[in-house]
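J.: Below, each chain spelled out in residue letters.
Protein chains: 2
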Amino acid sequence: MAIPTIRRFLFGEPFPTSREAHERLDKVRALAVFASDPISSNAYATEAIMSVLLVLGTGALSMTLPLGLGVAALVLMVIFSYIQTIIHYPDGGGAYTVTKDNLGKIPSLIAAGALLTDYVLTVSVSSAAGVRAVTSAFPELVEYRVWMALAAILLITWVNLRGVRESGTIFAVPTYAFVGGVLLVIGIGLVRYWGWFGLTPIVPETHEMVEGAALSGFAYLWVLLRAFAGGCTALTGIEAISNGTKAFQAPESKNAAQTMVAMGVMAMALFIGITYLSTHLGLIPEASHGESILSQMTRQITGTGFLYYWVQIFTALILFLAANTGFQDFPRLSSFLSKDGFMPRWMQNRWDRLVYGSGIMTLAVVSSIIVIIFHADEIAMLPLYALGVMLSFSLSQAGMFRLMGRISKLKPGEVLETQYTRIHYETGTGWKRAVNAIGAVVTFMVLIVLIATKFTEGAWIVVVAIPLLVYMFNSIDHHYQEVKLGLRTKDLTSEDFPPIAEAVIIPIGDINRCSLQALRYAQRLSTDVRAVTIVTDQATLERFKIRWERFPEITEGIKLEAIFYDYRDILTPLVDYIKKVNTVEFPDQVITVVIPEFVSDNLMENLLHNQTANFLRTRLQVYQDIVIIDVPYQIGVTRKRHKEIPEVMAESPATSSKN
Amino acid sequence: MAIPTIRRFLFGEPFPTSREAHERLDKVRALAVFASDPISSNAYATEAIMSVLLVLGTGALSMTLPLGLGVAALVLMVIFSYIQTIIHYPDGGGAYTVTKDNLGKIPSLIAAGALLTDYVLTVSVSSAAGVRAVTSAFPELVEYRVWMALAAILLITWVNLRGVRESGTIFAVPTYAFVGGVLLVIGIGLVRYWGWFGLTPIVPETHEMVEGAALSGFAYLWVLLRAFAGGCTALTGIEAISNGTKAFQAPESKNAAQTMVAMGVMAMALFIGITYLSTHLGLIPEASHGESILSQMTRQITGTGFLYYWVQIFTALILFLAANTGFQDFPRLSSFLSKDGFMPRWMQNRWDRLVYGSGIMTLAVVSSIIVIIFHADEIAMLPLYALGVMLSFSLSQAGMFRLMGRISKLKPGEVLETQYTRIHYETGTGWKRAVNAIGAVVTFMVLIVLIATKFTEGAWIVVVAIPLLVYMFNSIDHHYQEVKLGLRTKDLTSEDFPPIAEAVIIPIGDINRCSLQALRYAQRLSTDVRAVTIVTDQATLERFKIRWERFPEITEGIKLEAIFYDYRDILTPLVDYIKKVNTVEFPDQVITVVIPEFVSDNLMENLLHNQTANFLRTRLQVYQDIVIIDVPYQIGVTRKRHKEIPEVMAESPATSSKN
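If you read the protein sequences in the order shown, they are chains Z and G. Going by the working numbering, the first residue of the first sequence is number 1, and it counts up by one from there. Going by the working numbering, the first residue of the second sequence is number 1001, and it counts up by one from there.
Next comes chain Z alone, as it looks inside the complex (with noise of 0.2 Å):
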């Protein structure tokens, strides 16, 4: 099967450029968009803090539930604070975007760096807790997790280049299933836990305690801090909705911020149940690839019957959704850096059905690659989550203390305008601008501990990592400036172009049909050509030249000349020879290299032959004075074009319009 047609079979119809969908979302959709991220961080948060207290012992399990209400009151500070942006930002305002408006490039840098770090890792850790979901309600398949987690991703990919958008209804079902689902079983088990309404209660299961490290002190402390760290993970994907605010219905920021405060207040609800739950009934984290956490309480509360299977399947559905948000944000962010000159220009291309493959296409590779490395153990990657996120969180609530600043200025009837937003005057800027404030020195003291407290763990990655991607994205800015420079035709006439030669220099190693066509060719070109050959020794040298003169026809008007050289590299010489005529006999013009080429579409054909046109090229392609000219010659292509060329003409969905 050709390429194009296993593409076609792949990801259908290419869509045409002027097809793009505005979908708007209600509320109820919206949260299920935006929630599936922060919402299934519950999967893993609260056993995040528990495997942290376990060094103390399992009696220090009883400080999740403190650690928990820590988290859950960060989060609805930093919910309270994002409103702002939404407000202010109706049109999107992510970190990368309230950064650069307010603070400048490199902190928009360093924000873009943190969150495609985040956002590389949304993916590694929501399919490896998703495939974890799957491994705890059928531990026979551990063994394959690093396989079902790549296979997870690799779907994602197919789905996301395919172009599927993020339809609303497919994400409603799994993420209101699960919330339905996790709610059911905390009530259930609160029920039981408290005794009411005659149900069996349970009782906890007792284990042997077990003595942890007898800490004091600072170093308890400093348990304590790595178990809060643990569980800032629920804090990841908070800001997507600030990103997302166009994708709502009018009144967009009215909307998106009730959605929020919303989601908030639903992700909480779930953390809180499950960390309350999971303490008093005396569970404790298994060793990694065990049973998770979430399982074993719902397991303790239902049995293992059909709510428990329910909740373990919308588990795993809704952290591949969570890893489906990666699959949305980092190709959009990097479309965004794209366009401003910070990634590869071809990163904003959008392929066949309208998407940023390149995008795509880097978050699988290197996402992939981490679920090997970390043999798609999500609490292992848990240390470098959340690090990215805090560091967005804490840039982009410094942007808005600024930009409040701004606003704090305006006389009535006066109106701001940034590259990004149009800010009419408002009251109450001191008391925003205060809880800004608190929001990014609270994010930034949590960034402080995150990456004291997991360093050794991994975060050190991502300390060493975001830095370079700012290096990266500098240096790439730093080039594309460079070339606009060097390509601008501002005062531009055309004696700044180096006057054109007559020369044109033709290797040929042999007289056949191939060599023949292509000095056909040169003849035509101009009055100074020059074939050169290179021989060992004067024996070859009348060889060829018996040879040459059998065609006076194509070869009249051409001198030969003849390079003597004894040793294997023919390219050498040949470049010497070239560099000679280019540097000293027209120095500063353009001259012509006529390259006769033999070429085959078949691969393997071609390994056959010595590739000494195409290292010829190779080597020239960096002089900016020699123009390359390849004159192909094929065994066999008449045949083959004319059976192609119909279909194609047939096929072809372009319109020619003559000017």
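Just so you know, the hints here were simulated from the structure itself, not pulled from any lab data. Every value quoted in this text rests on a predicted model; they were computed, and no experiment measured them. Don't take each hint at face value.
[Unchecked claim] Under the rule of at most 25 Å between Cα atoms (straight-line distance), these lysine-lysine pairs were calculated in the DSS-like manner: (1) G/LYS1246 with G/LYS1027; (2) Z/LYS545 with G/LYS1339; (3) Z/LYS559 with G/LYS1490; (4) Z/LYS339 with G/LYS1545; (5) Z/LYS484 with G/LYS1545; (6) G/LYS1490 with Z/LYS545; (7) Z/LYS545 with G/LYS1484; (8) Z/LYS490 with G/LYS1559.
Given the coordinates of chain Z, assemble chain G onto it according to the supplied hints.
T.: For chain G alone, kept in the frame of chain Z given last:
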């Protein structure tokens, strides 16, 4: 460090083509050079017999000696009939040459495929066995055996790429040291075993008799045949002298024949000695990677003293030398095949140091893969080994049989001229022919035994590989024949070439320095230049036109054609347009496409640009009637080039001669 510098450091200065080594070897050194392969087989051949017999129980090991004598008889017969080859092909008569000269193309390709397979296995088996000699003495190294074998192959590859020739002296030391050491051990062993000269007699090891499978009749015979087949690995490398007759001092044939006899006697003396003592001392082969039989025998006879380490060290060295033999034979045979058009032409290219580098690299890669697959366990590889050699023996003897028939028809004074040799009238062709016939039949029967007994143990790989190789040789030959036909200049006149049309097409995305430079070049070429641009809508086109009209000097006389296209894949409409011009407007004529190409010699920078120019060239290169002109444009290249030129010019070893 630049690549050329690294290359020089690793491989030394290039050798000029005129410097070709023509070392002639005296008999003592020639024996050392050619005998390393067959003599080194003694490191594993006896063990290969014993490890098969072990399935019948330890009692059956007494059959080792009779089977070994059978192998020795086969060796002497093969040597005897090979002497005929040496005499009749004084310029070298490997199996490929003799078969091609007498039986035709397909048999010769079968012989070549068989030999190439065996050369690869020579390298894999010998390096693995060499490592085994080391790990027998130092068992703690056994877990690194794969790495050690790969390192040995890498080292041998490097030495061969540097072009160190088969220097007789280098070979003489380990070969004679090994032969001397083992003969001494055998001597002491026999003396002690028989209790002569009052030396402490060796008490044979007494093992508990292990009962093996109680087989009878055909099944028993089958095991004996399999054991015999194992011993046939002692025959590998015997044919090397017939290939290298030319390396001997005059009279070449006589010296080569005498050396072959000496080699056979020496190799068989070791083989029978080792076999006799191993069985009479009651040695039992250990499981894979255990101590080798030769090591066990030496240790029991001489203790773990000086002589023991001497034998182990020189066993390892002679095995690595045997691996080196593969690195001489494989590239030489593949260069023959390449010259005859059965392998890619570049296999005959000599690299900097006048070696057949592609052959060396191919061998290194394939033999390393086999070492990895078989975990450097040479006993496991042996079932694949010796098949190829036996097949080539058989074909070569059959060829000699045919040759003798042709010689017998000569009258006194007449001369038989074939492609590879020149033979005068001679007598006694009758019995010589009989010897060759027996040789051909016996080796063919042994081949059948080898295939039948080892098929499921891995021999099937070789049985599959050889026909595949023959198919490949044949396809390559077919392709080159077709190319030769397509390129031939017989009766060629310039009317045979398609006329060159004036049409010049230049795709343009934007007006900038890069595209303007290309337009300027195109303008000079022809009166029918068409600039083609792909646009999505009229507004874009209008903006483009305004920029276009700013440079009347450059765009004068160039027709601007706009193609409206609502997809992102701009190559499709471009290629369609070019094809239409090529097939509808100018059928059967050559048209020209000018590609403005933005290039950089920095790979990372190139990644930042859309590779449209490269993709377009790749798509157009398969069309015979389209000449492609690359007009390069590079930022900042001028500065770079002027820095680089002077030293290159100074270094150039080329001398130019104007004609």
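J.: Would you mind marking each hint as holding or not holding in the structure?
T.: Quick rundown of the hints versus the structure:
Between G/LYS1246 and G/LYS1027, the direct Cα distance comes to roughly 13 Å. Compliance with the 25 Å bound is thereby established for this hinted pair. Proximity of Z/LYS545 to G/LYS1339 is assessed by CA-CA distance (about 24 Å); at most 25 Å being required, the pair is judged to hold. Proximity of Z/LYS559 to G/LYS1490 is assessed by CA-CA distance (about 23 Å); at most 25 Å being required, the pair is judged to hold. At most 25 Å may separate the alpha-carbon atoms for a hinted pair to count; Z/LYS339 and G/LYS1545 meet this at roughly 24 Å.
A hinted pair counts as satisfied when its Cα atoms are at most 25 Å apart, and Z/LYS484 with G/LYS1545 qualifies at roughly 20 Å. Annotation: proposed proximity of G/LYS1490 to Z/LYS545 holds, straight-line Cα distance about 16 Å (limit 25 Å). Between the alpha carbons of Z/LYS545 and G/LYS1484 the distance comes to roughly 20 Å, so the proposed pair stays at or under 25 Å and holds. With a C-alpha separation of about 23 Å, the suggested pair Z/LYS490 and G/LYS1559 falls inside the 25 Å cut-off, and the hint holds.
Consistency note: the structure conflicts with none of the earlier hints.
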